[in-house]
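Chains as they are written, first to last, in this note's numbering: chain U, 4 to 159; chain E, 4 to 159; chain Y, 556 to 639; chain W, 556 to 639.
Please keep in mind that the hints were generated in silico from the structure rather than gathered at the bench.
Where hints are given, some of them may not hold.
[Unchecked claim] Derived contacts from chain U toward chain E, CB cut-off under 8 Å, selection only: (1) Asp14; (2) Phe15; (3) Val17; (4) Ala18; (5) Ile34; (6) Thr38; (7) Gly39; (8) Pro59; (9) Gly60; (10) Gly94; (11) Ala105.
Here the structure is a predicted model, which is why all the values come from computation and not from measurement.
We treat Cβ as the ideally placed atom computed from N, Cα and C, and that holds for glycine.
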Amino acid sequence: MALSVSVQAEDFDVAALQRQLFSGAHEEGAIACFTGYVRSSSAERAVHGMELEHYPGMTERSISGILAQASERWPLLAASVVHRVGRLVAGDQIVWVGVASAHREAAFSACEFIMDYLKNEAPFWKKEEGPQGAHWVDARSGDQARAARWDDDRRA
Amino acid sequence: MALSVSVQAEDFDVAALQRQLFSGAHEEGAIACFTGYVRSSSAERAVHGMELEHYPGMTERSISGILAQASERWPLLAASVVHRVGRLVAGDQIVWVGVASAHREAAFSACEFIMDYLKNEAPFWKKEEGPQGAHWVDARSGDQARAARWDDDRRA
Amino acid sequence: MLKILFFARVKEELGCAGLDLPWQESVGDLDSLQAQLCREGGARWVEVLGRPNMIRAVNHVVASENTPLHDGDEVAFFPPVTGG
Amino acid sequence: MLKILFFARVKEELGCAGLDLPWQESVGDLDSLQAQLCREGGARWVEVLGRPNMIRAVNHVVASENTPLHDGDEVAFFPPVTGG
């Protein structure tokens, strides 16, 4: 099974990334994708742009671990994550997650699971720039509650 | 809010469709997309291709109704469905659903909700062609159970 | 006039994609229409249209129970859907 | 040797991206290392590293409690993550 992780400054092409999920055997019935973007406002403050910092080495390792967990949990055919770092402006793509499976249930669940973990476990930090200057974004408690529900699912 | 439905014989370009979800104001923080494909096997039978029939008029009306329901239920910025009809072969794209929102929770939930309803309510019928000839695909009882869970959510 | 449509397996089994019926007050609802189609079509139509999973739609909206009909209505009979 | 790294707000507040410490058996675990960094860094380091939401990682794995350290380990201190 193809699992792929890229942390990069460069922008990415969602159609090319989606094509790379195919094995060639036409077993894929479903591909769920998620793209995250820089919004022009955050917590009711205007945002011109942001600087995305990460922990080189740990980032790739942490995301690979998330993909391995997802592929143990659901019958996936391929999964891929691209996450940008460095300076980004409003409207820019930040992150892409794509998951291929035979059926949609596994593709949707795994894609959402991977995004929840990217928000909560992968070592990225956003510093937003607005009219009042730059500030570090605080972690949303809602994100941690969303990630924890996967543990509840497993226990249930 | 932009809601769009297309039922067409022609193939589609997922990147172009995703770009059409943007308003230009950079309010979109999250886009969840789903693409369905013709698999090379179904219920353990080989599939060379299929013929997708629909009910012109009712199809568009039913899908527009689904999008309107989704946009009442979640804070969406745009939602779009493209569904192909006619003859398709293994590996072909069948359906695309894209949903834009400020945050990922709404985008994921609405995208999955729309797909569940497309499987259960929209008047499409697949006739698969394999080595043993052509046969109409039977509705999966699992699909109806998945759609019903949205009703349970609403009652809860 | 009533416009009657059949789709997918139903269309194939009846060998008929649809028909137009002149409007008659006596065909006042969906169940009466179905009974008339079966009388005119014979045993095959009774069997196919009587299947428990048959779906009926009036003017593009699924009718989960018997429904009054009016001149100009479009009525469709089809099997459970399998799209997406 | 121990490689120590700081990220994001922690890096800015300490004015330090990281440092290398010669290996000493006396720095046997994460809590001892943190205590040593605070002794050498002073009040600012005590405040920043002592925040209740501080995350510590050893060799790229988050350490939710105190953890033994070994020569060659990489230790990082950072605030809650905000990626995706």
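* Asked: Honestly, which of those hints from before does the structure not fit?
  -> 1, 2, 8, 9
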